[in-house]
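Here is how the chains run, residue by residue.
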Amino acid sequence: MCAKAERREPARSPAEYGAEKLRWFYETMVLIRNFELKVEENFFAGEIPGFVHLYIGEEATATGVMGHLRKTDYIQSTHRGHGHTLAKGADPKRMMAEIFGKKTGYCKGKGGSMHIADFSVGMLGANGVVGGGFTMVTGAGLAQKMQKTDGVSVFFFGDGASNRGTFHEAINMAAVWNLPVLFVCENNQFASTTPYRTTTSVDDIADRAQGYGIPGVIVDGNDVFAVYEAAGDLIERARRGEGPAILETKTYRIKGHFVGDPEKYRTKEEVQHVFDTTDPIPTFEKKVLEAGVMTREDLDAMKAAAVRKIDEAIEYARQSPEPHVSELYTDLYVPAPETV
Amino acid sequence: MKGNGDQTMRTISFAQATLEAMEEEMTRDGSVFVMGEDIARQGGIFGQFKGLPDKFGKERVIDTPISETAIVGAAIGAALAGMRPVADMHFADFMGVCFDEIFNQMAKIHYMFGGQKSIPMVLRAPDGMINQAAAQHSQSVEAFFAHIPGLKVVIPSNPADAKGLLKAAIRDDNPVIYFEHKGLFSMKGEVPEGDYVTPIGKAKVVRQGKDVTLVSYSMMMNHAIKAADELEKDGISVELIDLRSVSPIDEETILNSVAKTTRLVIAHEAVKRCGVGAEIAALVAEKAIDCLDAPIVRVGSPFTPVPFARILEKEYRVTTDTIVAGVRKVFA
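So the protein sequences, as listed, match chains A and B.
Quick note on my numbering: the first sequence kicks off at 1 and runs consecutively.
Quick note on my numbering: the second sequence kicks off at 1001 and runs consecutively.
Take the hints with a grain of salt, since some may be wrong.
[As the list claims (entries may be wrong)] Have a look at the derived ranges for each label pair, beta carbon to beta carbon: (1) B:E1059 to A:T330: 28 to 38 Å; (2) A:L332 to B:G1057: 32 to 42 Å; (3) B:M1009 to A:E322: 49 to 59 Å; (4) B:E1059 to A:V334: 26 to 36 Å; (5) A:E9 to B:P1248: 37 to 47 Å; (6) B:K1058 to A:E16: 40 to 50 Å; (7) B:G1057 to A:F119: 24 to 34 Å.
Keep in mind that the hints were calculated from the coordinates and are not lab data.
Ideal Cβ placement from N, Cα and C applies to all residues, glycine included.
Next comes chain A alone, as it looks inside the complex (with noise of 0.2 Å):
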């Protein structure tokens, strides 16, 4: 029998966060939702292109986490980026702009959904290929403890990108140099379209974490409290020089795999019945309001505000100008410097 990975409740009642971290909680989730939503109906109504791979039903993982960040510790994330870029501080504007393939976008409209990065708040990129930021964020893990910060990299990743072999070759080497990255495994339950359990050997990656000598942890991830509880010690331990560790938030896509996914390996009752049960933003709702620390109508409010937000990031990448022809050959190379 193998050791097993902790699974951690929330310890504290959200009274104990004071009123401002509860705001930003809401107010983040909101934000990814009405952004994720508003990204689907322009998708179907032909505005944005490419492939789209939307964050909902699982806001409350990047939430957590992104509570603890500083804007100078860096991330990655995966192909289903939009929710750890927006609550990692970008800008919906400049991010809608992208997905919309405007010359205003984060990446001048080169890089759309599945490549949106923001260095100015430590946004290091998404990625198109599935596992592929395990060993960069090490890697920014490496340059933070070589430049003796207490700066730490968290790179999110899904159930799907576990079984890649860069899971293995970048924990080892984040374990075996003790740097300050955290692996938070986004447990959704289908990776692309094959539920996870059918190629995955364990049914808690987190459990995988006792083969690195370091610690695993497993949450609710549909629980913005349980997360941001264990994401906080985990952080901290890093920041303290204590080495990289694997959280597992155990969520659900609900939403197929890319918009337009036709998803004919689940039934419609089962995703509907998920999303009653389980949907992030209403068990939030359901705790503060319980708690009495916040009202239905601070929440509307809030509501209304991103519903707002998201229609004017709409609006701006709409009027926002196409790139020019001539900036296909721009950003392929850096000049020279002058003593080459």
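Since the structure of chain A is already known, use the hints to place chain B on it.
Only chain B this time, still in chain A's reference frame:
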């Protein structure tokens, strides 16, 4: 002895030249560090890192796990976070292990993120045939990487360029792959004292000639020089061009030379098919076919893996004689 200008020359090995480049650049810039398998304690399998950890510590000369994917990925990540990593690939063949990191990540990040962050890093890749090392420790794979937008690829043929190109690669803000032929590490040659760089993307006319242009690089350049000596005895005047960088390719130097000599031969150790020679032949065919008085000849390895047995390896290998025969073809 004096080189060009006032620089004093001395004779050192190719490996020593690369070591000097590392020492000078690591001294000059605290963000430069190097990592790879067997480099700190062992000094590199070809001795090319010997003594480096004594000067800079094991924090900047890092022994890694046997994890090529993580080595390249971590170097990219460190570059994203402000460092200037040099990663040793042990053998160029092992770049097959980390190809995603090289061509989907390292090469594309600057472009696909709209120029937000450059990736100033160097992959050092010992390549080429040595000691019957067989199929997975002998290859010349520069053409794979010359095909990828976003990368620069350099490939010195002698100690002076080995030092100058490595220093240029480390100072370059773009990802650079630095191929160093394993058979060249022990080669001795004149190297200027002190600080200098060899510009990336600039070929060198090693010898002026009037009858045929012979383009080569890396180990094969040294065979090309011998071939030119041989051909001169028969009255064939060869203009020798050492390419030095295969991405970007110095088109101007090649086209100017072909305009003068009207004949072109390209020689490399890599497999001939779809090799760098094919690119140069196509370049000249597109831009200067009217200059040519003879068909272009490419000299390269056969379209097979590198074999092990001595007799098979001998059959496979491009030699001075193969190049001489190749050049004679354009006068047939």
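Results of checking the hints against the structure:
1. B:E1059 to A:T330: 28 to 38 Å: holds (37 Å)
2. A:L332 to B:G1057: 32 to 42 Å: holds (36 Å)
3. B:M1009 to A:E322: 49 to 59 Å: Given about 56 Å between the Cβ atoms, the range holds.
4. B:E1059 to A:V334: 26 to 36 Å: holds (27 Å)
5. A:E9 to B:P1248: 37 to 47 Å: Given a distance of about 58 Å, which is not inside 37 to 47 Å, the answer is violated.
6. B:K1058 to A:E16: 40 to 50 Å: For K1058 of chain B and E16 of chain A the Cβ distance comes to about 45 Å; the hint holds.
7. B:G1057 to A:F119: 24 to 34 Å: holds (29 Å)
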